[in-house]
Every structure is written in C-alpha cells, then in structure tokens.
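> Chains A and B, in that order, give the protein sequences. Counting from 14, one number per residue, gives the positions in the first sequence under the working numbering. Counting from 1441, one number per residue, gives the positions in the second sequence under the working numbering.
These are computed hints drawn from the structure, not numbers from a lab. Cβ atoms here follow ideal geometry from the backbone N, Cα and C, with glycine treated the same way. Do not take every clue at face value.
As the list claims (entries may be wrong) - Every beta carbon over 12 angstroms from chain B, so not counted as near; a handful from chain A, in silico:
#  : residue
1  : Val65
2  : Phe72
3  : Thr84
4  : Ser170
5  : Ile171
6  : Leu174
7  : Arg206
8  : Ala218
9  : Ser234
10 : Gly291
11 : Leu293
To be verified - Going by beta-carbon spacing under 8 angstroms, a handful of chain B positions derived as facing chain A:
#  : residue
12 : Thr1555
13 : Thr1649
14 : Phe1662
15 : Asn1665
16 : Ala1681
17 : Leu1682
18 : Leu1704
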Amino acid sequence: MAAVEAAPAAILPPARRVPDRFRTVSGAIAAAAPVILVVIVVILFQQAAPAVKHFGLGFLTGTDWNPVTDTFGALPAIFGTVATSLLALVIAVPVGVAVAVVLAEQGQASVRGILGIAIELLAAIPSVVYGIWALYVLAPWSFQHIEIPISDRFGGSIGWLSQPGARSLFNASLVLAVMILPTLSAISREVIRAVPRGLRESAVALGSTWWETTWRVILPSARAGIFGATILALGRALGETIAVTMVIGNRYAIPPSIFSPAYTLASVIANEFNEATGTLYPAALIELGLVLILVTLVVNIFALLLVRSISGEASRAA
Amino acid sequence: MNRNVRRRFASTAWLGVMYVLTVIALIPLGLVLWFVVTRGLPSVLHPEFFTNSFRPFGVPGGGVAHAIVGTGILVGLASLMAIPIGILGGIYVAEYAADPWASWVRLASDVLVGTPSIAIGLFAYALVVVPVHHFSGIAGSVALAILMLPIVIRTTEGAVALIPHGLRESGLALGLPRWRVSIQLILPAAVPGVITGALLAVARASGETAPLLFTSLGNTLFQVNPTQAMQALPLTVYQYALLPYKSLQDQAWGAALVLVVLVLGINLISRWVLRRQIRLAGQL
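Using the sequences and the accompanying hints, generate a full structural model.
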C-alpha cells in the first residue's frame, strides 16, 4: 500500500495531489471508538463525584457498606473481585494451556478444527446462561462433591477452607474459570503457533521427545505470550457480572473462607443500583464502577501491548 | 528400565494428560447445552411460550413473546447505530493501517471489547436515562451499540485486509478516487467478512444482560415502543431464575434455550459466511 501511495507523488508534481478527503472522513468516524472510551471514564467520574469528594481515598479501604448511615467502603467488593478472578485463573490456566498445546499442534487438522469451534462456542454462550446453569447445576454439585469433602478434610485446621456453602466465592470462581477458558486457550494457541518452526525442529533433531520439546522449548519461548493471554483473561474475569452475581451469595464482607458467600464490584452494582436513592448511595455505586473500569483498563492495555509486542517479534523472526 | 523407554513413556503420558485436560475443558459446553435443552424444552414446547407474555405465578399460559420482541427491537436499534459506524471505522483502520491514528483506534477497540459491560450500562444510564428521567429501550440499545461497535470495527478490518492489493491498485490505476475504491470496490469484495462481523456483534448483543439492567430495565407487558422500559430475553432468564416460583424458573430455562439456539445459530452461520469470504478472497 505504501508503494501505491508513493507512486503518484513520483509522477505528479506535489501541487496537483488531491487531498484525501476519504481518509479524513473515515478517520473521524473511526474516532467513535477512542472517543466513547474516554467519554465513558469522564462521565462515570462526573457521576461518582459526590462520593469521590465525600470519602476520598478512604473509599478504597473502607469495609462498611451501609446505605442507612451513608457509610460506603469498597474494600470487600474489591477483595471479592480480585479473589474470584485470581482463583479462576488458578483453575483455568493449566487447562487453557493444555487445550492450546493440543489445538496448536496435535492430531488431525479436522479434529483440531472441530475442537477449536467447540471452544469458541464456549465463548459465545451468554453470561446469563452460564449463570442459570451455575445456580441450579454447578453450584449444588460443587457444594456436594468439592466443597464438603475438602472442608471435612482440611476445614478444621485451615480456616479459609471451612464453612462450605452452595453460594460461595469458590463457586463463582468455578463459573468464571469456565468463562475465561476460551480467551485463554485461543490466544495461547496463537502464541504457541507463532513459535518459530526451527526451534521445534532443532529440539527434535537433538533427540527430544514430544514432551521434552513442548515443555523445555515451545512453552518457554511462548511464556510471555501465555502470560499476556492470562492477563487478558484476568481482565474478562474482573468485569464479569451476571453469572457471578447469581452464585456468589452477595454478602458484603471479606469472607472468612473461600467457601463463604462474598460480593464483587460488578455484582454490587448489578444488585443495588436500581434501588439506590439519595445522592451519595448511587454515586458510591458508580464509584465502584469507576474503580472496576479503571482496573480493567490498566489490565487490558498492559495485556494487549504485551501480546502485540510478542506477535510483532514473532512476525519479524519468521 | 532403559532411560529412553522411560522418556518416551513420559512423553506419551503427558500427551495423554493434555488430551484429558482438553476433554475436561469441553465438559462444561456439553453440560450447559444438555441442561438448557432438557430443562428448557418442556417450556418451549408449549405454543403459548412464544405467543403470550408474562403471567404471574399461578396463572397458566405465561410466555416470553414480550422478551423476544424486546430483544429484536433493542438489538435492531443497536445494530442501526453500531454497524454503519463500525464498518466505516473498520475500513479506515484497514485502508490506512500505517496512520498513527489507526493504531489508536485499534487499541481503543480492543480495550472497549474488554470493558466490563456493567460499566457500559452505567454509562448509558448516565447518558440517556438520567436526562429524561425514564428507563427506555433506546438507552438499552445505546449500551448494546457500544458493545457491538469494536467487534464490527475489528472484523471489518480483518475482512478488508484479506482483499489482495491488486484489486485496490487496479481501481487507483483507473483513476478512481480513494473513497470509490474503498466503498465501491473493496467493500463489496469484503461483504461476507463484514457480514460475519455484524452477525457476531448481533450474537454478542443478544446475550448481554448487564448493560440492560439500568437502561431498558425490563417490562412485564408486551410493548414495542422503544421510549418505554423494555423486556429482553437475557433479562427474562436473569429475573425469573432468581424467583422462588417453579413455573417461572421453568420459563427461565425455556428463555435460556431460545437464547442459546439464537446465539449459537448466529455464530455457526457467521462461521459459514466467513469461510466463503476466505474462498472468495483467494479467487480475487
């Protein structure tokens, strides 16, 4: 394309070049995406202003949430959001990387194609469908077959593995793990594919088995990209609302155990915003949304730049 | 045991572990589909399910007609806003890929895709609901349009980038202005890919609940006026599933089935269209 643009300049004198109005117009229309992003943050900040002014930084460390006395602190919700997302990553990353390894290089192309489609369909299922399934199927099952056995065994000595319940931080993490799996495995697959063929062939030529090649050569060179995929999945998990709201139990406190009910930033907003009256209460809820969006923005931009710089390196190497 | 035999055995064993984990990853898909179909089918098989609207607990013959029509209107309005802007934006990003502004648009789109949908709902609430003091379908569709826009931009970009340079160069060589090359030459060749993007965006928007909670709010009545509060399928699943009434819970499963068929159907169709695009681009 650069060659196309350069050609007329070489033939015609510069004065006769027509200004590219299409570039200006379509560029202005494309501005919708960045403009919306900025406006979202600005408007949420403006709407949250009463709470921001009233509580200052104490909002982030306060643990009380009481609309009657107008005391609002975000710490339990921040804790719940971070804890569910990290626990979901712990569950999903090993599985997601295994899927990516299989999808990237194992077996027949047709089998891989079908597997790939199935994983992508997993990403297409709406959050609320995961929610109703988790509420009626996954959470009761996990309560009976994961939470109770673990807490019977370890709950006596380890406090954060006691008090099993069907609506719990753990079950919310379990649904989240299912929901971020497609993001993880799709991006990790691309990263693993981008590992130069020569590396794999050299390892095999030196007599490495499939596993030695994968574990000592492929995965280490894809490490940064898999990390990027993990951070991107973290961004998805932090902002996930509906499915989490349906199973987390919605209790505004830092839970004593991962099997206890908790709350996340997004689910507090989802549950309480329509009932919030006065000025401080809705503003505090919007400030929760502001905290959420700023955290996900930072996480996402970091992950995108990471993944982008890696795929750039890979295409230069190829 | 011989060291090499052990190494080969370990390799096969690990390969087995990888396959087992892949199967574990697919179990949720199977289970979700199984439960949605088996629990939703009995509700869906009642003809009133598609023709009637909300009936309170104890009144037989309730349905989700209001939610289906609501989802259609909400997503339709959102598409009218997001798809034209997204297509033009996507053409810009692909045609002027070297512009620094294009890479900003690309980054902003990718970030917007990952923005929590509940925050977009709050934004649409502040932007549309607060000034008019009224929940409305329009507010809901604004929120959905913001969700759809980055998807349309990125898939259009991908489809346009697939078109060989030869086509663009022939148009320019014939003296066509840039806008005619992009709109009348490149875009028609990229149509299947662009449709794929639009379909994926529609599928995503149809399934979203969080952005509608404070904008379109939900409604128990059948109504088609987008300036009023409006029901949608995902809202139905969310609201009914949390109620203590068995008949409404059953309807929640039914609505979930309709939603899954809709979303997965659109996804599979878009995949088929995309395959045609790749074949078409290969012929150019």
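> Verify that the Cβ of phenylalanine 72 of chain A lies farther than 12 angstroms from every Cβ atom of chain B, and report whether the claim holds or is violated.
Given a closest Cβ separation of 16 angstroms, the condition holds.
> A closest beta-carbon separation below 8 angstroms is what the hint needs, so does threonine 1649 of chain B meet it against chain A?
5 angstroms, holds
> With d taken as the least Cβ-Cβ distance between serine 234 of chain A and chain B, does d exceed 12 angstroms?
18 angstroms, holds
> Looking at isoleucine 171 of chain A again, its CB stays over 12 angstroms from all of chain B?
Fine: 26 angstroms to the nearest Cβ keeps isoleucine 171 of chain A off the interface.
> Quick check on leucine 1704 of chain B please, does its C-beta sit within 8 angstroms of some C-beta on chain A?
Where the cut-off is 8 angstroms and the nearest Cβ of chain A is about 6 angstroms from leucine 1704 of chain B, the hint holds.
> Does leucine 293 of chain A really sit off the interface, with its C-beta more than 12 angstroms from all C-beta atoms of chain B?
16 angstroms, holds
> Should the label of glycine 291 of chain A as a non-interface residue stand, given a Cβ cut-off of 12 angstroms to chain B?
15 angstroms, holds
> Tell me if the interface restraint on alanine 1681 of chain B is satisfied: Cβ within less than 8 angstroms of some Cβ in chain A.
Check passed: Cβ of alanine 1681 of chain B comes within 4 angstroms of chain A, closer than 8 angstroms.
> Checking a non-interface call: every C-beta of chain B should be farther than 12 angstroms from the C-beta of leucine 174 of chain A. Is that right?
Holds, since 22 angstroms exceeds 12 angstroms.
> Is the nearest CB of chain B more than 12 angstroms from the CB of arginine 206 of chain A?
16 angstroms, holds
> Should the interface hint for threonine 1555 of chain B be scored as holding, given a Cβ-Cβ cut-off of 8 angstroms against chain A?
Interface hint status for threonine 1555 of chain B: holds (6 angstroms vs cutoff 8 angstroms).
> With 8 angstroms as the cut and Cβ atoms as the points, is asparagine 1665 of chain B at the interface with chain A?
With Cβ-Cβ at 21 angstroms, over 8 angstroms, it is violated.
Going down the numbered hints, you'll see the structure goes against 14, 15, while the others check out.
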